[in-house]
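Single-letter residue listing:
Number of protein chains: 2
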Amino acid sequence: MSRKILRINMSDQSAVYEDIPEKWSKWAGRGLTSAIVLDEVEPTCHPLGPNNKLVIAPGWVSGTPAAPSSGRTSFGGKSPLTGTIKESNSGGLSSKKIAKLGLAAIILEGEPQNGEWYQLVITKDGVEFKDAPDLAGKGMYEVDEILWDQYPNKPAVIGIGPVGEKKLSNAGISVNDPEGKPGRYAGRGGLGAVMGARGVKAIVVDDEGGPGVDIADEDLLKQGRTKLRDAIMEHDLTKPDGGLNTYGTNVLMNIINEAGGLPTRNFSAGQFEGAADISGERVAEMVEKRGGEGMTGHGCHPGCIIQCSNIYPDEEGEAVVSVVEYETAWALGANCGIDDLDYVAEMTYQCNDLGLDTIEAGNTIAIAMEGGQIEFGDKEAALALFDEIREMSPLGRIYGQGVEATAKAFGVHRVPTVKGQSMPAYEPRAIKGIGVTYATSPMGADHTAGYTIAPEIAGVGGKVDPLDEEGKSDLSLTFQAATAFVDSTGYCLFIAFPILDISSGWEGMAESVAGVTGLDITGDDVIDVGKEILRMEREFNKKAGFTAQDDRLPEFMRYEKLPPHNEVWSMSDEELDQVYAWTNGK
Amino acid sequence: MSRKILRINMSDQSAVYEDIPEKWSKWAGRGLTSAIVLDEVEPTCHPLGPNNKLVIAPGWVSGTPAAPSSGRTSFGGKSPLTGTIKESNSGGLSSKKIAKLGLAAIILEGEPQNGEWYQLVITKDGVEFKDAPDLAGKGMYEVDEILWDQYPNKPAVIGIGPVGEKKLSNAGISVNDPEGKPGRYAGRGGLGAVMGARGVKAIVVDDEGGPGVDIADEDLLKQGRTKLRDAIMEHDLTKPDGGLNTYGTNVLMNIINEAGGLPTRNFSAGQFEGAADISGERVAEMVEKRGGEGMTGHGCHPGCIIQCSNIYPDEEGEAVVSVVEYETAWALGANCGIDDLDYVAEMTYQCNDLGLDTIEAGNTIAIAMEGGQIEFGDKEAALALFDEIREMSPLGRIYGQGVEATAKAFGVHRVPTVKGQSMPAYEPRAIKGIGVTYATSPMGADHTAGYTIAPEIAGVGGKVDPLDEEGKSDLSLTFQAATAFVDSTGYCLFIAFPILDISSGWEGMAESVAGVTGLDITGDDVIDVGKEILRMEREFNKKAGFTAQDDRLPEFMRYEKLPPHNEVWSMSDEELDQVYAWTNGK
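Line by line, the protein sequences are chains A and B. Numbering-wise (my numbering), the first sequence opens with residue 39 and increments by one. Numbering-wise (my numbering), the second sequence opens with residue 39 and increments by one.
Hints are computed from structural coordinates only; laboratory data are not their basis. Watch out, some of these pointers could steer you wrong.
It does not matter which identical chain is used: a pair holds within one copy or between any two.
Claimed, not checked - DSS-like mimics (lysine-lysine), calculated; alpha carbons at most 30 Å apart, straight line: (1) K64 - K176; (2) K162 - K61; (3) K599 - K162; (4) K599 - K61; (5) K61 - K168; (6) K581 - K599; (7) K192 - K162; (8) K176 - K501; (9) K327 - K42; (10) K581 - K168; (11) K176 - K42; (12) K168 - K327.
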């Protein structure tokens, strides 16, 4: 039984199961969403028009037994935020369930003629199209609760908040977590608006009785996943009670601050005096002190053995939100000059509920501050800004679109974006390699697209000087290619830490993919396969009109020195263009 | 005495007079602004950042005696609306006065460190930098009045309204008319925001005692301008009591409606049932009926012999606004489903006062209507929208940015823009040649960049079928090149009507330029010189990252049929790419 493509057309509410065509058969996850988008979406189409599509795909190993930390689902389409091809992936419950239904991908296309909102229910028996007037306008916490009440089987729920309904460019796609709550987001690039433009508020996925995933070579899969698991369990960053398990991703706050690379107050400094107050250590301290529902070492999907998530408690020990990530605490904290974790947590809740990417949302607040709408550090005003979005006031419509729209509305020209997407929590003037990734990734500014922070800061996969330009083009490309591969596996990107240092883990990852798919892939092929994916993505972008001039960091970083290193962005255009020079022959 | 470049740096409030360098010495008007912008503005700079510049240049014949209808001033820079190079030109008082001061161009660069607003006063004695706290925040009617009170010599006033101060992308640059009122606008492309980013609210230009314009060959100039004048006085469209003089540009309303090419209700139909009610004939009728200050056959600058402007009166005969143009009446009328000239006139006044381009403003209202904010045809609500802009409410900040920003805020995907600039009053699905101009002009969608309407509708310069694709690529290029030349002369583009039909007029235009400059230019060189300008502009855009994919009409026009002809946009990408194929070798 081959994997199926489930094609759902919202224009006539039809659903068709197609055998996966030969041209896509090797792909899963990001590789598959990008292949489908390249083949089926006209690159110059309007991202919110009837001809864009939302593609949802689990990874190669998703849904196979005991593959560690393999719960990622890829979402792809043309991005309303960037105009590029986009893949954004999320943890949560959806990946395994979609895979176990025998689906390689769900393609959501067309638009309802009546302007109604739909709820789709996908089971082994097919797709049910339900009117969802009761869900429309609701936040994701309520939506997830309603749907788990309706479907006691604890299905995956993929949904959009009010921001996605209004088709604003900072709309993410929520996937519910093991507790049935939102917070796992395919956040970046506004794909929630693409789902909204299809008229779909939520997709319920129940894999009960599904056929499961075909496995080509059980032994090879077992061998691979064991190697990978061992590496994860051994590495300092990912082992139980290791850095990520203890402090979450927010273990980085003090480290990046120390390195002078923590973007502060809309990228005007590289260190924040309040960093410690919003760090992972402080989160752990609050969890310890307040107790109750608070926890660290929380898992975002079943089968995760890293468990870097947390549940942030309020003073009474009741859960405020899961998860306060590093990127989130930085975006809503340091970058806004805010040093209060309780406010960061509350704003994170608002993002999860409204359906906003936290990175873009935090950057947006910082732009509102730079534009004189709010004072830097004014946490009350920052929090109140989410009320505007909830009310969909005109101001809320500005903020709901993210950084570039907000900058234009307030005449701000210090705009930390690449290809329309705002930068995450690493200052490229202080950490050059990640700047190369921001500049050249087909996704716009995105740390997860090629996380050179590993060798530049964490000493993982080697150790290089973050301030040095030398070799950073090659470094970024290698990381971008490896990432494209990992994003296709279904594994969480955090497996990269152990497998960069422990070669048997790297082999194990490849072997597990070969075991499931029967593809002739070894550890030696990972980079080349990743480059195939990048090539497809760059091809889409080229056809959409993107050029080398789009592979640049914002102008102000070229002339404004960043304290404390007092560095400008100094990589030459030639060095940036070198990253994808290998695609130019084709 | 050679022409000077006046370089004004707002960072240190310095002004330097430079001899015009050899590389620019042949250019004036648009040719000069584009040459300077290409040489001095980094194409990937932020349009509102410190490294963009505003260049102001009169034409070759500006300021010479008796050159007919030669009062155009070119404004150039990198556009905040489109991201392309931009030249936008205006009538009014400035052109001759700048030329008579011996200036080839004024380059406005830098940005004040203190965030203050300045008023610049340019006379034969130099530049005075005056703090202008009293002008900041004021509308252009008041600003123009204040400055004529301060300077009784009736100087030219170049200024920006509140929209330019806030650096919003639909900010135009106002030039006062012979009555000392705003209404002559370098409207398109948001150059008012570029002026605002320089901290300059207004520039007063007094040419009293200026050296005047050097003339290389008085006889040749005289010969040329006489031929040109004769052609203007002879042609049906431009002669006294001809079409333009009698009904203004708005003579087109009924004609374009009849042709099925009048974009109606955000480009959803090609005919408007209320066209006659907002036509030039109706304007003339109102002027006739109401009397008082109302007039047709009004001139926008001294020395104009076409006089296509008007002054629209209210019921008591008092002037509401000058001028209700065809584009304006269409944008604020037909495209919004509004058929009431009094409202159109009042909204035009608001645009002139606030500093908005009327075409972009009308399209913006139509998008707000499409997005469900206002009903199509609701003239009260449309007018009230300007209050939002005046108050700079969040909604006003959205609308003040123009069409694309408004569409994004309200999730609209039927967006009639090219390169970020909205289309003027001719439907490309019904009139193919103008669509080629919209798609391929370096300026974004702009009818004045290559007005193929002349042969397609008016039977000027030949007669071709508007619905036919054949030959439209070449036609558009020829018109774009001729326009680039005319935009450099200082002559109004409307001389094109007579000189397309009367070859001695075409020769006369070229001879007058040769007479002033001493350049070896004849009528045979016009297209080639125009193409040199286009080549510079395309080069800037290429360096800014624009590609063939940007030379496309919006997606919805490719799949949505336009009544009454029920045509889609049908020109192929290859036909569009053919227009500028000649630039690819270089």
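Tested hints:
1. K64 - K176: neither (39 Å within a copy, 64 Å between copies)
2. K162 - K61: Within one copy only: 25 Å inside a chain, 72 Å across chains, cut-off 30 Å.
3. K599 - K162: Neither: 57 Å inside a chain and 41 Å across chains, both beyond 30 Å.
4. K599 - K61: neither (48 Å within a copy, 34 Å between copies)
5. K61 - K168: neither (33 Å within a copy, 68 Å between copies)
6. K581 - K599: Between copies only: 25 Å across, 35 Å inside.
7. K192 - K162: Cα proximity of K192 and K162: one copy only (15 Å, versus 81 Å across).
8. K176 - K501: For K176 and K501, neither the intra-copy (47 Å) nor the inter-copy (58 Å) Cα distance is at most 30 Å.
9. K327 - K42: neither (49 Å within a copy, 73 Å between copies)
10. K581 - K168: neither (36 Å within a copy, 50 Å between copies)
11. K176 - K42: neither (32 Å within a copy, 64 Å between copies)
12. K168 - K327: neither (45 Å within a copy, 61 Å between copies)
The structure fails to meet hints 1, 3, 4, 5, 8, 9, 10, 11, 12 from the earlier list, while all remaining hints are met.
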